[in-house]
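The listed protein sequences correspond, in order, to chains V and D.
Taken in order, the first sequence gives residues 237 to 332; the numbers are from my numbering.
Taken in order, the second sequence gives residues 4 to 419; the numbers are from my numbering.
Rather than coming from a laboratory, the hints here were simulated on the basis of the structure.
Please note: incorrect hints may appear among the correct ones.
Claimed, not checked - Mimicking EDC-like on lysine to aspartate or glutamate, the simulated pairs with C-alpha atoms at most 16 angstroms apart in a straight line are: (1) D:Lys-232 x D:Glu-244; (2) D:Lys-252 x V:Glu-251; (3) D:Lys-55 x D:Asp-108; (4) D:Lys-252 x V:Asp-282; (5) D:Lys-252 x V:Glu-272; (6) D:Lys-252 x V:Asp-257; (7) D:Lys-100 x D:Asp-146; (8) D:Lys-269 x D:Asp-289; (9) D:Lys-32 x D:Glu-223; (10) V:Lys-240 x V:Asp-276; (11) D:Lys-353 x D:Glu-388; (12) D:Lys-232 x D:Asp-108.
Here the structure is a predicted model, which is why all the values come from computation and not from measurement.
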Amino acid sequence: MLIKCPHCGTRPVEEFTFLGDARPRRPASNDPASMEQWFDYVYLRDNPRGRMDEYAHHAGGCRSWLVVSRSTETHEVFATVTARDYAASRRKGRAS
Amino acid sequence: MKYSVFSLFRHSLSGHKNWEPAWREPAPKAEYDIVIVGGGGHGLATAYYLAKEFGLRNVAVLEKGWLGSGNIGRNTTIIRSNYMLPGNNPFYELSMKLWESLEQDFNFNAMVSQRGVLNLCHSDPQRDAFARRGNAMRIDGVDAELLDAHAVREMYPFFDFDNPRFPIKGGLLQRRGGTVRHDAVAWGYARGADQHGVDIIQHCEVKGIKIEKGKAVGVETSRGFIRCKKLALATAGNSSETAAMAGLKLPVESHVLQAFVSEGLKPFIDGVVTFGAGHFYVSQSDKGGLVFGGDIDGYNSYARRGNLPMIEHVIEAGVAMIPALARVRVLRSWGGIMDMSMDGSPIIDKTPVGGLYLNTGWCYGGFKATPASGYCFAHLIARDEPKDVASHYRLDRFRRGYLIDEKGQGATPNLH
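Using the sequences and the hints, build the whole thing.
See the structure below:
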């Protein structure tokens, strides 16, 4: 599996550390009433078969947090963006 | 028919041409009392104990591929009950006790071999942690022996004891641990279940779960609709997908774990040994191949194959422990898909959907648990209450904060 880091170019998978699904959004509130949202965010996963956006830390390279869009079925990598750009594009998506 | 020395002799007279198939291949009926989805080790064991121990025989096991084509045939065949936490160890000890009498119980040679499982430690703090775990095991009535480096050297003189980075300081030994021939476990349970009247239906993929008034009433399959009173899911690797058919979202991620076998060697390692400074475990099969494995690859995957860096990592750990392995050639590697749960422990529980039962989250420890998982799942389905030793494996423990986290990693499934 080769991942194209936006900063370092195409690099082998062992340089990256993965942190699971990037889609769940951290709840904004600390209110105990939002407990269900927190439970969902911390413990429940869609666990998709097919395309998935996954956090990856380029620990063996530029040390940036990235989001790798990849197939969990074939390991094909579709796109890689920085976590910052990923969050920004999602914010834009939500605003429009 | 019962397998015995007499049946073997009788069939030898006819040149072994008249052995019956070990189980039937029935067409699915329109309705069963209980339908189990998943014809792997846990599903077949559940069916066997439902029929044999709880007298429920109107049961079907649906398998989308062929029997035992999932993780029951992809693991490194190790059995042990060397856990620490109260919610875990009595359960795994029940499993060990069931392993010890399994072959007589289901009349099938599963090659249960209690050759000992030795965990190596490489530092004083790690030895302290092993002493604690060994004591916790003994409180639960499980055998555990703390060995010093000398005692380990007596057993395995060819280990790298004086490795400058990871010297071997001793180990924790469970003599009752060992290995079992994994395929034979699936076959033995299948044959036993079949003899008690269970229908095992292969190549029958479940496509949907029908729910009426909050209760599961049947499954849409590739071979038509099958109605049932109770529905049990034992679909390791694909649990999120089968549960999603009933509208459930699980605390589970699917990850790939690789395993390996070397070329055949003369007798070399007579027990199961694990490296304590990395993740590596090895035993030698009766054919002579070294069977070994390590960590999961670390990214979500449904592909039953991993990547090369993890292969390199596992073999590095192996060579750090046993330098002589450097010249052994690897014959094959393969991958299986694990339900990695959020605390590293399994789930055997009812669900919010009526009549729907769930068996999932075995991470990569499912094989050793096969008998107890089947027994406890059957108990839950038959009596609608958990068996005592499985009473901690609740689906809602994450919401309530009662996690069973042996490794103390928190909700990071790729680290358990």
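Hints and how they fare:
Of the pairs offered as hints, the one joining Lys-232 of chain D and Glu-244 of chain D is violated, with about 21 angstroms between alpha carbons and a cut-off of 16 angstroms exceeded. The hinted pair formed by Lys-252 of chain D and Glu-251 of chain V fails the criterion: a straight-line CA distance of about 31 angstroms is larger than 16 angstroms. With a CA separation close to 10 angstroms, the supplied pair Lys-55 of chain D and Asp-108 of chain D stays within the 16 angstroms bound. For the suggested pair Lys-252 of chain D and Asp-282 of chain V, the alpha carbons sit about 7 angstroms apart, so the restraint of at most 16 angstroms is met.
Note on Lys-252 of chain D and Glu-272 of chain V: the hinted pairing holds, with a Cα-Cα distance of about 13 angstroms set against a maximum of 16 angstroms. This hinted pair checks out: Lys-252 of chain D and Asp-257 of chain V have alpha carbons roughly 14 angstroms apart, not beyond 16 angstroms. Restraint check for Lys-100 of chain D and Asp-146 of chain D: satisfied, since their Cα atoms lie roughly 12 angstroms apart, inside the 16 angstroms limit. Of the supplied pair hints, the one linking Lys-269 of chain D and Asp-289 of chain D holds, its CA atoms being roughly 10 angstroms apart against a limit of 16 angstroms.
The hinted pair formed by Lys-32 of chain D and Glu-223 of chain D meets the criterion: a straight-line CA distance of about 13 angstroms does not exceed 16 angstroms. With a C-alpha separation of about 31 angstroms, the suggested pair Lys-240 of chain V and Asp-276 of chain V falls outside the 16 angstroms cut-off, and the hint is violated. Pair hint Lys-353 of chain D plus Glu-388 of chain D holds up; C-alpha atoms about 9 angstroms apart against a cutoff of 16 angstroms. Proximity of Lys-232 of chain D to Asp-108 of chain D is assessed by CA-CA distance (about 28 angstroms); at most 16 angstroms being required, the pair is judged violated.
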